[in-house]
Structure formats: structure tokens, C-alpha cells
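> The primary structure of each chain is shown beneath.
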Amino acid sequence: MGLLELLNGARWGVHPHDDHKRPAADVPLRVMPLPKRLCVPLLQHVGAPAKPCVAVGERVLRGELIARAQGNVSAPVHAPSSGIVTAIGEVTAPHPSGLPFAAITIELDGKDEGLPTAESVDPFGLEPAEVSQRIADAGIVGLGGATFPSAPKAQLGRKLAVQTLVINGGECEPYLSSDDSIMRERAGEVIDGVRILMHATGAAEALVGIEDNKPEAIVAMRKAAEPFAAIKVRPVPARYPMGSDRQLVQVLTGKEVPSGARTASIGVLVNNVSTCAAIHRAVRTGEPLYRRIVTVNGGAVAQPGNVFVPIGTLIEDLLAFVGLKETPARLVMGGPMMGAALPHAQVPTVKGCGGILALTAAEITVADPSPCIRCGSCVKACPMGLVPLEMVARIHAGDYEGADKLAIDDCLACGCCAYVCPSHIPLVQSFSHAKGEIWKRAQQKKRNEFTKGLAQARTERLEREARERAEAAAKRKAARAAQTAAATGSQETSA
Amino acid sequence: MLAAILSLTALGLTLGLGLGYTARVFAVEGNSLVSELADMMPGTNCGQCGLAGCGAAAEAVAGGTVPATVCPGGGVALAQAIAAKLGITLSLEGMEDKGPMVAEVAEDICIGCGKCMKHCATDAIVGAAKQIHGVLHEACTGCGGCMEDCPTGAIVLRPLPVTLRDWNWTKPALAA
Numbered sequence: 027m028g029l030l031e032l033l034n035g036a037r038w039g040v041h042p043h044d045d046h047k048r049p050a051a052d053v054p055l056r057v058m059p060l061p062k063r064l065c066v067p068l069l070q071h072v073g074a075p076a077k078p079c080v081a082v083g084e085r086v087l088r089g090e091l092i093a094r095a096q097g098n099v100s101a102p103v104h105a106p107s108s109g110i111v112t113a114i115g116e117v118t119a120p121h122p123s124g125l126p127f128a129a130i131t132i133e134l135d136g137k138d139e140g141l142p143t144a145e146s147v148d149p150f151g152l153e154p155a156e157v158s159q160r161i162a163d164a165g166i167v168g169l170g171g172a173t174f175p176s177a178p179k180a181q182l183g184r185k186l187a188v189q190t191l192v193i194n195g196g197e198c199e200p201y202l203s204s205d206d207s208i209m210r211e212r213a214g215e216v217i218d219g220v221r222i223l224m225h226a227t228g229a230a231e232a233l234v235g236i237e238d239n240k241p242e243a244i245v246a247m248r249k250a251a252e253p254f255a256a257i258k259v260r261p262v263p264a265r266y267p268m269g270s271d272r273q274l275v276q277v278l279t280g281k282e283v284p285s286g287a288r289t290a291s292i293g294v295l296v297n298n299v300s301t302c303a304a305i306h307r308a309v310r311t312g313e314p315l316y317r318r319i320v321t322v323n324g325g326a327v328a329q330p331g332n333v334f335v336p337i338g339t340l341i342e343d344l345l346a347f348v349g350l351k352e353t354p355a356r357l358v359m360g361g362p363m364m365g366a367a368l369p370h371a372q373v374p375t376v377k378g379c380g381g382i383l384a385l386t387a388a389e390i391t392v393a394d395p396s397p398c399i400r401c402g403s404c405v406k407a408c409p410m411g412l413v414p415l416e417m418v419a420r421i422h423a424g425d426y427e428g429a430d431k432l433a434i435d436d437c438l439a440c441g442c443c444a445y446v447c448p449s450h451i452p453l454v455q456s457f458s459h460a461k462g463e464i465w466k467r468a469q470q471k472k473r474n475e476f477t478k479g480l481a482q483a484r485t486e487r488l489e490r491e492a493r494e495r496a497e498a499a500a501k502r503k504a505a506r507a508a509q510t511a512a513a514t515g516s517q518e519t520s521a
Numbered sequence: 002m003l004a005a006i007l008s009l010t011a012l013g014l015t016l017g018l019g020l021g022y023t024a025r026v027f028a029v030e031g032n033s034l035v036s037e038l039a040d041m042m043p044g045t046n047c048g049q050c051g052l053a054g055c056g057a058a059a060e061a062v063a064g065g066t067v068p069a070t071v072c073p074g075g076g077v078a079l080a081q082a083i084a085a086k087l088g089i090t091l092s093l094e095g096m097e098d099k100g101p102m103v104a105e106v107a108e109d110i111c112i113g114c115g116k117c118m119k120h121c122a123t124d125a126i127v128g129a130a131k132q133i134h135g136v137l138h139e140a141c142t143g144c145g146g147c148m149e150d151c152p153t154g155a156i157v158l159r160p161l162p163v164t165l166r167d168w169n170w171t172k173p174a175l176a177a
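Going down the list, the protein sequences come from chains D and F. In this text, residue positions in the first sequence follow our numbering: the first is 27, and each later residue adds one. In this text, residue positions in the second sequence follow our numbering: the first is 2, and each later residue adds one.
Treat the hints as calculated values from the structure; they're not laboratory data. By construction, the Cβ of each residue, glycine as well, lies at the ideal position given by its N, Cα and C atoms. Just so you know, not all the hints are guaranteed correct.
Unchecked claim - With a cut-off of at most 25 Å between alpha-carbon atoms, the simulated DSS-like pairs for lysine-lysine come out as follows:
no., chain 1, residue 1, chain 2, residue 2
1, D, 466, F, 86
2, D, 471, F, 172
3, F, 172, D, 478
4, D, 185, D, 281
Said to hold, decoys possible - Quick list of the computed label-pair ranges, beta carbon to beta carbon:
no., chain 1, residue 1, chain 2, residue 2, range
5, F, 119, D, 479, 33 to 41 Å
6, D, 433, F, 112, 21 to 29 Å
7, D, 476, F, 16, 44 to 52 Å
8, D, 511, F, 34, 57 to 65 Å
Unchecked claim - Beyond 12 Å from chain D on every Cβ pair, some chain F residues (computed):
no., residue
9, 6
10, 12
11, 33
12, 37
13, 40
14, 65
15, 74
16, 76
17, 89
18, 115
19, 123
20, 125
21, 133
22, 148
Sequences and hints are given; from them, build the entire structure.
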């Protein structure tokens, strides 16, 4: 951080005056009783969807593999409890579109029978590659929300010889406290996970960044990290989006990630605190990722707080557990800034789901947009140094290429610009639309090239076939001619 | 006799070499704009535009005899790309973007004649004689050429189903 920034404080982002994290964050962690049914999705991560390896009617145990990873960037899926597989088909995805995606439905028998517990292993006696393999087998993905599979990430870190691990305990989204909860209650697991990751990647130091609005978590983590000199717990100012990897890396290490590159390119690997706890369980005891802490919060929730939830639990079951004071005006998966509005409550929780918000009408009021007054508030707020007002003007005029030139690709969709806009212009919504449109056009171009190749291949094939037919016909003709010649020849000799 | 043969040979050689030389030196280059436009087109020569293939369409667009919106297969994206290339303003009137379309075979009336397979420029239709045919979504350009050849009318064009991967937000309305 430069001197100017130190004096002025961070120049980017927003600071919501009320982060709505408490009282939910202070309620002790609860464990949700098993629901009757779980719908475990096959695509809960970045990459290729997992491929089912169980059949309908089969009985599965807790922790059993039910879908295998496909390809390098993918993650397997495990049964969160024991029961019978009743369907392998489509359920509504936790996505604003309400489109379906593939999931395995398990009717639970309530016995919660697990696989025989494996012997605990010492991760530091294993080769780094073996550690990565155990992380991959457990289906661990980034639990901060980006859901990138953790094993390929660790391997990439090792390949690029990263020196620094940044452990993300920022959790800057208002309302959410699932990372806070895991740091308060399972700090030992998190720190052990960090050590295992350092072993797997070969990193020399780990910086744990925690926003200073979580003093209890900072105390717990400092205590757990005390014996390990290479792990430093660093409080960072509470400022949204501090939990974004680029921003946290910049604050903690002073290095800026170049546009279009990953943090690994500057020798830093970022992992979330909840992911580290999951890695600890996966590597030490072989427990796959089949449950996680979810913050249930919002004005409509009777008993907000953090809940240990099996993955695949339907939101309606989760809401029934915490109780509702009133019918929520909107359901959101994730935080209020970047979360996805849900079409209804019959959608499953996924590995990347850190929070479920049941918001009241008062919490979601939206004002009608008025014209841009070019005040520049959005420029100041943008953590990526973009120019939102210029980008939205281009998008509104249908000039997506112009928006692309203004580096819309670097937009995190954090929503700071729309949050501060005094004219209530739907800025981040426009950027999401434009990014989708640009992607669609690139896809269309690729498709065109593909079909062009197909058309060319077909023309060549038809020409080859015609040539071969002609050659075959000529050959037959020649053979016939030879035959007739031979026949007349033999007739002549016989005569 | 010999003089006639020699003089005619000499004449032929001179004229032939001269013609060959001028053909090379004063060769008229093809319009590079046309070939660039042709590269942008889908290249399947589906004929939906009513012209004889993508090359002819590119020539017509470059010549200004047809609008940039000539190619139904390329859709709005291609029309905008062409307009940007030619530096003209684009009127999208009369061009509704229905999004990518794909052919679909109705199994109950398909008789497995194989005519559609022979027509398809991208080999997107698979099947065998007297068997129901299927359409490969990735390869189908939605040109509709197969529909005309189907004797039972079993082929219809449908919009490509939207998946989670390619779903997009609608453009939010701004204040005027």
C-alpha cells in the first residue's frame, strides 16, 4: 500500500454503515437435523460436471462417492447421509434464471450410517502430490463462492512455486458470517488446513487476512496460529469487497495482480478459511466435502444464525429449521451484494453456498433510475479502477465492443458502483448483461468456425468419394476389357 | 514452306509470351474486401439469403446491392460485424434475432429416407436408411435446408434450448 493510500485509507470499495452481520454472527453454531430428502447437484464447481456412479434404487452411505470427477478441472460428489437414491435427473438450480441442472436425489433413512472411518494420517509424512490427491478425492472446492476445485489450484501453486499463501477470512459481504463462525469455533482446523496447504504447495509463508469487524475471530485465529511462525494473522480494514482475492492480496502483500491474470502469476495463492478447514478434515481423516456452514439471515428469518447443513438440503427445509417471521419478499443465495436471487425455495444448497438470505420487502426497495449526472462516485468506488459510467453509456447504446475496450472483463460484479450511484442506475446489472452478450458473440464466432470446418470437410469428402467412384468404374471397365480381350484371345487360340 | 512454319512459330511464341507476361504483371486482384466478408460468413452455403452461397452473398454485400442484414444464419451479431467492417450504419429493421435455431426431427413421422442427411452442408444429421434420424446440436447451423427436402415434413426448426451456461441477463432499462 502506498503512503498516500495509507494516509487516505483505501481508495476503493464501499463501507455499508450497517453490515447486518450481528446478531446472527454471535449465535452459536447449530447443526441442522437431517431432512427427509437431499438433492445433490453434479455441477457445484467450476469445470466439468461430475458423472454419476450410482444407480436409482441403490443404497448409499454417508461419505460414499456418488459421482466421479470428469477431466482435470472437476470435483467428485459424495452422499451427505445414508439413504436410497430415488432419482438422477434435473432439479431447479440455485440461479436467477430458474433453469434446471442435474442432481442426484437421495431419500434419507435417518440412520446416517457412514462408511467405516479411515485411519487418520499424518499429512506431513505424505508427498505433496499425495496430499493433492486426497484433496481431489474429497471433492474440495473453493468455499468462498468461486468454487474452483482446490486440488488443481494447489498443483498450479506448486508448479509456479508460489511463495505466499493468502488465506481469505475477509468475508466482506454484509449479512454473512459463515467464515467468521468457522474461525471462531474451529480455528485449530483452519490453521491445520493452512499448514497442510503450505506443505502441498511448497509456500514459505501464509498471511491470514481477517476484516477488523470480526475481533472474536481474530483472537481465536491468533491463538491457534501462535505456535507457527510462518502463519501470520493480519487484521485488515472492513471494506467491501475486501474478500475479493485481488483486493486482499493487494492490501496484504502490496502487489497488484495484472489485468487478465491470476494471483498465482505474482507468486500468491488465495484460499478461503472454510476451504482450509475442509482440507484439514479431508487430508487428516479422509472426510469428503458433504456439509458446510451456511449463514441463514435476513429480516424474515425468526432465528438467524450459522447452521451446519448437509449439501443438497432444499432451501425450504433449511428455512423451516430456522423459522420464518413473515413470507420473504426475496430469497438470495450468497450475500446481498453478489448473491443470486432464487426463483423459489425448492432449490438445493451447494458447496459454494455460504449464506441464504430471506429478505423482507423493506430490505430490497429499489428506486427508479434517473439520468447519469456524471458525478464520478462509481469511478471512485470501483475496486478494479474501471470507469462504470462510461461503460454503461456504451452498453446502453449497444456498443459492447466499446465496453470491452474499457476492460469490462476485469469487472468483478461486486456491485459497489450500483450501490453508490445517486441516480440508482443499474450499473452492475448492465455489466453482467454485457459480459454475457460478449461471451455469446465469442461463442457464436467459434461455432461459425466449427461449422465452416464441417462444411469444408464435407465438400472434400464428396469430392474424394466421386473420385474414388470414377477410379473404381475405370478399373472395372479396364478389367472387363481385359476379360473380353482374353475371351476373344482364347476363342482365337481354340479356333 | 519452312519460312511459313518458322514465321508462324515465331509469331505464336512472341504473342504467347507477351500475353503470359501481361497476364501476370497487369493481373486484376480480386476484391480483398469480398474475401474478408466471405470469411466472416458462416461458410455453409446454405442459401437462405437467396444468393448462390456465402461467396456470392459477400460480393453482393460489398457491392451494396443487399443490406448487411442479408445472412439469416449469422444473425444480428454478423450483421453488426459486417456493418462495422463496411463502416455503414445498420438498420436492424425486419431482422428479428430469434437466437440460434436448430433442426429437430419428429420421430413419429420420420420414415428414414435419408434425404435430409444428403442435403446437410455440415453433416449435422446422423442416421441410416429406414432408421429415425437425429440432429447434432453443435453442428447444426439452423439453415433449414433439410426441411425442404423432407417428404413427410418431419423436420422443424426450434430455438436452441437455453442452458445455465449460456443464459444471460436481460438488458436493464435506463432513464432516458
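> List in ascending order the numbers of the hints, as given earlier, that are violated by the structure.
3, 5, 6, 13, 15, 16, 19 and 20
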